[in-house]
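Start from chain A and add chain B according to the hints.
Chains as they are written, first to last, in my numbering: chain A, 45 to 305; chain B, 59 to 320.
Hints should not be assumed to be uniformly reliable.
To be verified - The calculated lysine-lysine pairs, modelled on DSBU-like cross-linking and capped at a C-alpha distance of 30 Å, are:
#, chain 1, residue 1, chain 2, residue 2
1, A, K102, A, K89
2, B, K310, B, K69
3, B, K222, A, K142
4, A, K201, A, K142
5, B, K69, A, K142
6, B, K69, A, K198
7, B, K222, A, K198
8, B, K69, A, K201
9, A, K198, A, K142
Rather than coming from a laboratory, the hints here were simulated on the basis of the structure.
Computed from a predicted model, the values in this text were never measured in an experiment.
Each chain, written out:
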Amino acid sequence: MGKKKKSFLYPLVTAATIAVFLLVWYFVTDVYHMVPSNMLPSPVKVFQTFIAKFHDTKPDGATMLQHLGASLQVALSGYFIGVVVGIPLGILMAWSEKADMFLRPIFDLIRPVPGIAWIPVMIILFGIGLLSKAMVIFLSSFTACVINSYSGIKQTKTVHLWVGQTFGATNLQLLLRVAVPSSLPMLLTGLRVALGSSWGALVAAEMLASTRGLGFMIQQSRGLLRPDVIIAGMIAIGIVGAFLTYLLTVLERFILKGGKW
Amino acid sequence: MGKNAAASFFKNAVATIISITVFLVIWQLGISFTDLGGIMPGPFTILTAFFRSFTHNIGQYNIIYHTMFSLTRVLIAYVAACVIGITLGLLMGRVRLIEAIFRPFYEIIRPIPPIAWISLAILWFGLGEMTKYFIIFLSAFASITYTTFSGSRAVDPTIIGAAKMLGANDLQVFTTIILPSSVPYVFSGMQVALGTSWATVVAAEMVRSSEGVGWIIVSGMEINNITQILVGIIAIGLMGYLLSTILRQVEKVFCAWNVGGV
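Chain A on its own, in the form it takes in the complex (with noise of 0.2 Å):
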């Protein structure tokens, strides 16, 4: 008994514990303007203003889609080119004991060095087009995408690899039937975390060098001093970064069913 009433009492303070934040926000900056308005907005203003940049393109000469729309190409062209250069490349260094030891160095050469570092050195080589920051990009996708298929290939159960041994499975159908199946939680995963890392390494790139996207709004609107169009792309990149996370999410569902084979 006691137990039903708790699962209502719960998402009621959850709904409670926002409307007081909400509020306080509200009563800080509209109604007693204890905090200057170009430092913090309101609410209701950054509510409007994220209204208004889906048509509006000012201060920053674009609207919200079309920044948006800049950001995801971006984003998903490196995430692509990390994935596809990554995961058969973990699968590699774990199958092929000559290729782990061959390609292992070069990889921990470049691992501890975050995407972000590269933005200068990508943008002298290829300029501060889409392809400097797309490379940008598959480098911070590029050791997720390595290090999850590699673990994933490594814990494949010894003895299902010798089950298909002793059916006379090839090399090639004992790492295709048996091992990349069984690795797919792990390389599932390595596509979650690596497309996270895509989208945070995409603001600081379009931080640096851009002329459009959600990054750059967000810079820009700094030097104006509109705290509303900054929050609002953030809630604008957060939103979107968790749609794509979530995305990923029903299609792991879906491909895994559960987990269970």
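Same frame as chain A, but now just chain B:
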């Protein structure tokens, strides 16, 4: 057994030397015989510049000072994030009321990349150190809280039930069961967080600073000195590697029964 281990170590060392040599030779050939030579320096130029930077200043300081500046920023914010994140994660995992209060904020903040806060943080805290601490704190806080939360949730309820049946009170259950069994999760969160904090300090220093490893890179970009950029990248990579190695050793001491992979 020992002989085998020595042999495989030897084989690995040879492979490492061969692959890095091949990598450097390709790089050198690439810049000697193609147009890349015009924009990229060779590996030896960069290594020389790297070692030179220990005694000669880049900007106002030498490379050790720059690394120390960045490291101090990371450690201050990282320690704060660890303390607050672990506390909040454990509380959220075990106390429903606290979860109901703090979870929504946490879920709202989590999908926003820490770097996206830079602009707002600069408006709030100015261009000083506080902005950097704030951003690094956010980046570390998210993953530590999340893993601690899921760790304290993942405790086997049978064990808690058994302890309660044997007369343990809530505090004892917390200190002897929940805390130890969350430790592997906490460490994996700390491991991830250290990596992201290090990446974030670089980003924060690239957006605005006058010293630190991120500054080395941006100032190299401003004066079009790619050697300086690559020296900065080497320093960042080495320090990042060192930090994760140290934390992995600490993990080995604290939870010897459960050493994480990769």
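Sort out whether K198(A) lies within 30 Å of K222(B), counting only the CA atoms. The given pair, whose Cα atoms are some 39 Å apart, is violated under the 30 Å limit.
Holds or violated: are the alpha carbons of K69(B) and K142(A) at most 30 Å from each other? Measuring from Cα to Cα gives roughly 10 Å; hence the hint holds.
Does K142(A) lie within 30 Å of K198(A) when you go C-alpha to C-alpha? 15 Å, holds
Is the Cα-Cα distance between K201(A) and K142(A) 30 Å or less? 21 Å, holds
Given hint K69(B) paired with K310(B) - CA-CA distance at most 30 Å: 26 Å, holds
Hint consistency between K222(B) and K142(A) [alpha-carbon to alpha-carbon, up to 30 Å]: Violated - the C-alpha atoms of K142(A) and K222(B) are around 53 Å apart, more than 30 Å.
Would the hint linking K102(A) and K89(A) be met if the CA-CA limit is 30 Å? Roughly 15 Å between the alpha carbons, so the hint for K102(A) and K89(A) holds.
Holds or violated: K69(B) with K201(A), Cα cutoff 30 Å? 26 Å, holds
Next pair to validate is K69(B) with K198(A); report whether the Cα-Cα distance is within 30 Å. 20 Å, holds
When each numbered hint is compared with the structure, violations occur for hints 3 and 7.
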